[in-house]
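With chain Y fixed as given, assemble chain L with the ligand onto it according to the hints.
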Amino acid sequence: MIESFIGLEIHIQLLTKTKVFCNCKNEFTHVPNSHVCPVCMGYPGVLPVLNEEAVRKAYIVCRAMNCHLNEKAVFDRKNYFYPDMPKNYQISQFNSPFGVKGLIEMDGMPKVRIHDAHLEEDAGKLVHEGMTSYCDYNRAGTPLLEIVTEPDFKKPEEAELFMQNFRKMVRYLGVCDGNMEEGSMRCDVNVSVNFEGKGLGRKVEVKNLNSFRHVKLALQYEIQRQSRMITAGESVVQETRLWNDEKKRTEGMRSKENANDYRYFPEPDLPPYCPTKEFLAQIDAAQVELPWVRKKRFIDEYGLNEDGAEFLTEEKDKADFFENAVKGGISVANAASWMRGEVAKDLNKAKKSLCDSFLTVEKFVTVIKLLEAEKINAQAAKKVMDIIINEDADPMQVIEKNNLMQTADSGEVEAMVEKLLAENTKVVAQIKGGDQKPIGFLIGQLMKVSGGKADPKKARELILNKISQLG
Amino acid sequence: MQKDELYITASLARLELTEKEADTLSQAVSQMIEYFSMMEKIDVTGLEPTTHVSIGENRVRKDEVIESSLAERMIEAAPERDERFITVPHIL
Ligand SMILES: [Zn+2]
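Residue numbers (numbering that gives the first Met the number 0), protein chains in the order written: chain Y, 0 to 470; chain L, 0 to 91.
Any given hint could turn out to be false.
[As the list claims (entries may be wrong)] Covered stretches of chain L, as calculated for chain Y (at least 3 residues, CB under 8 Å): (1) 55-64; (2) 69-83.
[Said to hold, decoys possible] The list that follows gives simulated cross-link-like pairs (lysine to any residue, SDA-like), each with its CA atoms no further than 20 Å apart: (3) L/61 with Y/285; (4) Y/86 with L/78; (5) Y/86 with L/80; (6) Y/86 with L/8; (7) Y/86 with L/90; (8) Y/86 with L/77; (9) Y/153 with Y/112; (10) Y/16 with L/58; (11) Y/77 with L/69; (12) L/61 with Y/48; (13) L/61 with Y/273; (14) Y/206 with L/90; (15) L/61 with Y/187; (16) Y/86 with L/13; (17) L/61 with Y/173; (18) L/61 with Y/47; (19) Y/86 with L/71; (20) Y/351 with Y/331; (21) Y/465 with Y/455; (22) Y/71 with L/50; (23) Y/24 with L/69; (24) Y/124 with L/88; (25) Y/86 with L/87; (26) Y/71 with L/49; (27) Y/124 with L/90; (28) Y/86 with L/72; (29) Y/276 with L/72.
Derived from the structure by calculation, the hints contain no laboratory data.
For every residue, glycine included, the Cβ atom is placed at its ideal position computed from N, Cα and C.
Isolated chain Y (complex conformation):
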């Protein structure tokens, strides 16, 4: 039997207004080299100064991962020569990063130990064309938090699931938008295999993974490749490989320089950072219930099924919305099914998320309460929901304007049924003759002429009654 060991190195771009060591804008733009200054361009004689918001967000993540927080965090220079980093070194943290020895526990997953979380600066972007590389330093110096896990995953699916939950976590915490396609969240993996009981094998790193699917596919490929090698008695070369998504395989990189000798040394321009008690209290106050914890609670507390809880805890806004709606007095079943059904459908159609639509918890609760009290029917509720999602409208006014209140006394509806029956004598004859099928047609007609005010549940009974009264 062969065992595999998988570790992740996750980079997240922190959501700050400015870069990590200078006041340049931290923002994507198509104008190359527009957010640059002597600090991020590595000019001599400049002084980097730490962005407090980047520090705050980095600690929020460290805390959420139960990291031990070093009393004194030290910045180091990681030296390397590549034109994406104009200083010829990257400021990072090596010996004493913000957080070490964390632990993440999720259901259905082995405990994942966090080796460390360190703050560093991102590199610039290079575009290669022929013999030339085009350098854009807008991204150079933007804050990046790197999270390194221990090799605690055994299966590619576990790593993939962890990444999905991790992405939700950083979005819940509001520290990163988690967009893998755009590179605001990036992931390298390391993987080794060995015969069972023999411990870790020789580690291979795989880079260039732009989606959760790539992470899984690359790991599956590597585990197969390495397993074949050790079974054949060959030894795996410790190296960095790249995922080639077109060919669905990992490929060795051209051999890099002698060794990965980054010659780390303490960054003389930046003093160590020592979190104060007051600061740590703020970090604690910024913690939120983590998505997988919340999902489990939704199942336990509200009796939701796995799918429902998964859907409702996808985003913090959605989970908050749901809980506030239930607190507002509507049933769990209605809150969940309307959010998953009609609301999700309308939002999808409008290409909006819950928080940037016009829908508020109050408006949602108003509509569902009217539905629960049978003041409006489901069809009317759907209509109102669609309008209050797309327009800044008051649900009561929408109902009045569109005359959607279910008529309390059925007199009006009865008159409509009578008229309908008189107009459709053939159909009536059919029903009288024992054919029940055309009732659906009559119900549909009634809903149409009543503008949705008739209650479809009661319509069937009413129509049958009227027909039998016709004698």
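Frame of chain Y; chain L with the ligand shown alone:
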């Protein structure tokens, strides 16, 4: 310092050395390394290792944008460029 060690260090620093330069440098570097070994002999028991002189307080700044007035001049100062891109030979 052994010359082959010097060549490794030079290549990491992207320096090309002639045979003659290597001879002179390996002597000079050996001398520098000797200074370090002298320092290593100093008794530091009981002293906490430190990377910086203590300044007592954390030095941080507010997350506020200040656009640099030097961006355009830095692009112009680049040895080679293509419009707003700074260009370098494609390596690796
Ligand atoms: Zn800058």
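Hints versus structure:
no.	hint	result
1	55-64	holds (count 8)
2	69-83	holds (count 7)
3	L/61 with Y/285	holds (18 Å)
4	Y/86 with L/78	holds (16 Å)
5	Y/86 with L/80	holds (18 Å)
6	Y/86 with L/8	holds (18 Å)
7	Y/86 with L/90	holds (17 Å)
8	Y/86 with L/77	holds (14 Å)
9	Y/153 with Y/112	holds (13 Å)
10	Y/16 with L/58	holds (18 Å)
11	Y/77 with L/69	violated (26 Å)
12	L/61 with Y/48	holds (10 Å)
13	L/61 with Y/273	holds (17 Å)
14	Y/206 with L/90	holds (19 Å)
15	L/61 with Y/187	violated (32 Å)
16	Y/86 with L/13	holds (14 Å)
17	L/61 with Y/173	holds (18 Å)
18	L/61 with Y/47	holds (13 Å)
19	Y/86 with L/71	holds (19 Å)
20	Y/351 with Y/331	violated (24 Å)
21	Y/465 with Y/455	holds (15 Å)
22	Y/71 with L/50	holds (11 Å)
23	Y/24 with L/69	holds (14 Å)
24	Y/124 with L/88	holds (15 Å)
25	Y/86 with L/87	holds (15 Å)
26	Y/71 with L/49	holds (11 Å)
27	Y/124 with L/90	holds (14 Å)
28	Y/86 with L/72	holds (18 Å)
29	Y/276 with L/72	violated (44 Å)
Figure legend: structure checked against the earlier numbered hints; hints not met, in rising order: 11, 15, 20, 29.
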